[in-house]
Amino acid sequence: MKIKTVLFALLFVALLAGNASAQGLTVDIHGPGQRKVNLVMLPPRGLSAAAVPGMAKNFEELVRTDLRFMPFLNLMPASAVPGGDPSKGVTAEDINFRPLQLARIDLTMTTGWDGNRLEARVYETFSGRRVVGKAYDDLTDAALPDVADRFCSLLMEALTGKKGFFTSPIAFVRRVGEAKELFTVLPQGRALTQITSLGGFNLGPDWSKDGNQIVFTHLNQERHSLGVWDRRTGEARLYREGLGNTVISPAFTPEGDIAVTLNKTGSADIYMLDKGFRPKGTIASSGFIDVSPAFDSTGRNMAFTSGRFGGPQIFVLNRDTGEVKRVTFVGGYNTSPTLSPDSRYVVFARQTPNGHRIFIIELATGQERQISFGPGNDEDPAFGPEGYYVAFSSNRNGQYRIYLTTRHGDEPILVPTGPGDATSPAWNTAAGGE
Amino acid sequence: MKTKGWVLVILCLVLALGAASGCSKKRASSMPPGATGSDAAVRDHDWASGKGSGYGEDGLTEEQRLARQREKAMSELGQRIQFGFDSYELNQEARGILQQKADVMKSTSGVRLVIEGHCDDRGTEEYNLALGERRARAAYEFLVLLGVSPERLSIVSFGEERPLVKGENETAWAQNRRDEFRAAY
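Chains A and B, in that order, give the protein sequences.
Anchor point for the first sequence: position 100 equals 99 in numbering that gives the first Met the number 0, and the numbering is continuous, going up by one each time.
Anchor point for the second sequence: position 91 equals 90 in numbering that gives the first Met the number 0, and the numbering is continuous, going up by one each time.
Keep in mind the hints are simulated off the structure, nothing from the lab.
Since this is a predicted model, take the numbers as computed values, not measurements.
All residues carry an ideal CB built from backbone N, CA and C; glycine is no exception.
Heads up, some of the hints might be wrong.
Partial chain B-side listing against chain A, Cβ under 7 Å, derived [unchecked claim]:
hint: 1; residue: T123
hint: 2; residue: E125
hint: 3; residue: Y126
hint: 4; residue: L128
hint: 5; residue: A129
hint: 6; residue: E150
hint: 7; residue: I154
hint: 8; residue: V155
hint: 9; residue: E160
The calculated label-pair distances, taken between Cβ atoms and stated as ranges, are [claimed, not checked]:
hint: 10; chain 1: B; residue 1: E169; chain 2: A; residue 2: E221; range: 29 to 35 Å
hint: 11; chain 1: B; residue 1: S74; chain 2: A; residue 2: E177; range: 33 to 39 Å
hint: 12; chain 1: A; residue 1: G286; chain 2: B; residue 2: T170; range: 28 to 34 Å
hint: 13; chain 1: A; residue 1: M271; chain 2: B; residue 2: S74; range: 40 to 46 Å
hint: 14; chain 1: B; residue 1: E150; chain 2: A; residue 2: E410; range: 53 to 59 Å
hint: 15; chain 1: A; residue 1: R63; chain 2: B; residue 2: E169; range: 45 to 51 Å
Residues of chain A clear of chain B, computed beta-carbon distances all greater than 12 Å [claimed, not checked]:
hint: 16; residue: M75
hint: 17; residue: G82
hint: 18; residue: G127
hint: 19; residue: A141
hint: 20; residue: L153
hint: 21; residue: G306
hint: 22; residue: I370
Work the whole structure out from these sequences, hints included.
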């Protein structure tokens with residue numbers, strides 16, 4: 000009886016262990032802190048005796064640039080492997096993982112080329128398990144950036160369970176002469192596109208959940224208008240009727256409705272608009288300033304800024320119960336909230352004696368943490384589709400630029416946006432999720 | 000010493016008189032082009048009546064007088080008002096300036112006023128757009144209270160988009176926290 004029990008227990012443990020190794024290496028980006036994972040890229044190889052083409056080097060550089068955006072990855076030089084390149088080919092059976100394990104390398108990437116066909120793989124060195132493996136045919140130089148982004152997105156998804164980062168554009172405001180126009184760009188700086196040429200000031204963009212539309216404020220000499228840009232037509236339309244002269248911080252709910260600050264009765268309140276872009280009624284009003292609505296992925300929670308108790312503070316409205324909860328109690332000027340898609344966190348800008356800084360609050364506990372450290376002003380935070388990255392604008396180097404950090408406050412990375420001040424990043428979260 | 004002082008005072012008076020006569024000369028020469036001195040003399044009688052010739056007591060045509068009045072009204076209407084940090088409260092000085100504007104608006108028909116609210120760049124964009132709106136509205140409501148018809152007023156907030164002066168210091172910030180007034184006939 001006793002032996003049977005011991006055997007059963009041993010079997011159970013063995014099963015558990017098997018399960019754990021099948022799950023493989025993952026990175027818990029939502030954990031309290033995150034571990035660093037070491038990755039090495041082995042030199043590109045020719046497949047079936049083919050020579051390595053010139054674009055192999057370009058591809059390696061593109062992947063290297065993308066991997067810089069994964070703060071939990073530590074890119075090791077190939078020289079860190081004792082004894083040099085431990086591979087004879089690009090698949091697991093041709094790689095000697097021992098020296099990689101000795102060098103504490105967790106992940107190994109191989110690329111094999113046969114003319115313009117590419118095979119790219121990432122292996123876990125401890126188990127030899129393939130984390131990602133993809134082949135791409137008929138490659139051209141022009142297609143390389145897209146392929147690098149797609150491959151890195153898959154790697155990101157395999158490690159973190161989150162997808163969409165490298166392929167989700169950020170909308171932002173850029174100064175063009177005297178005007179401010181809207182642009183979109185991928186986080187790693189590719190596909191930079193000017194999407195409005197309306198003149199005046201075009202401010203505060205926000206994406207619809209399906210990524211097909213962007214709402215914004217258009218400001219000319221006389222008044223504000225509601226701007227709606229459509230990805231499918233590439234056109235921006237302006238709406239004024241019934242909105243009054245003040246149209247601030249429009250934002251989409253996940254259902255495709257628009258919340259926006261208007262002044263219909265003498266104070267700046269947040270209204271919901273109907274499908275014809277006319278006000279239906281208020282969703283937040285206090286007789287003071289209520290501005291900057293931002294929704295989670297369910298649309299049931301809305302964060303916003305309100306001056307109802309004097310200086311601006313962050314509040315969250317539960318749209319089911321109507322309960323409004325104040326979430327910031329430190330500092331006299333807290334603005335620009337964004338909810339994480341899962342509604343666990345709100346990020347916002349706080350004015351400190353040294354300028355604005357980005358802070359994050361866990362809503363369940365009220366625990367607060369500073370995630371940007373200047374210098375200058377760090378403003379307009381926006382969550383990425385995975386709720387991990389946070390884009391913000393900062394003039395830390397003199398001019399306003401867009402930067403990316405993470406929920407954990409990792410070293411900010413500059414998003415290349417071309418000349419002219421760049422502000423108000425807003426992330427397209429359509430491709431996001433588990 | 001005392002005598003010297005008196006001489007100085009008299010000298011000043013003479014100079015001042017000279018300057019005054021210089022001014023009146025200047026005014027005479029500011030007649031419309033084409034109007035000669037002798038013409039002005041012939042029309043001496045008309046000046047008293049203030050009719051017929053179209054010249055007023057100040058030697059200006061009705062049109063010119065109106066233009067001057069307008070200019071004066073515009074300059075009074077254009078005077079800015081200032082605000083404290085993160086505030087849309089009208090201070091005593093602002094109320095005085097708005098009172099003047101209300102008087103001008105009521106005595107000058109046909110003028111419309113666009114009130115622009117502006118902020119310094121220390122706040123954040125969206126909140127500043129709302130704050131600029133409250134600043135413009137504060138002036139709007141005060142003018143309406145003083146009897147200016149709301150139909151003649153409109154407001155627009157520029158937030159921090161149009162600073163009056165550039166600079167990261169209190170003087171610049173204070174100047175940028177303002178309402179501007181654009182008058183148009």
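Check your understanding: Hint by hint, which ones does this structure get wrong, listed from lowest number up?
Key -> 6, 11 and 21
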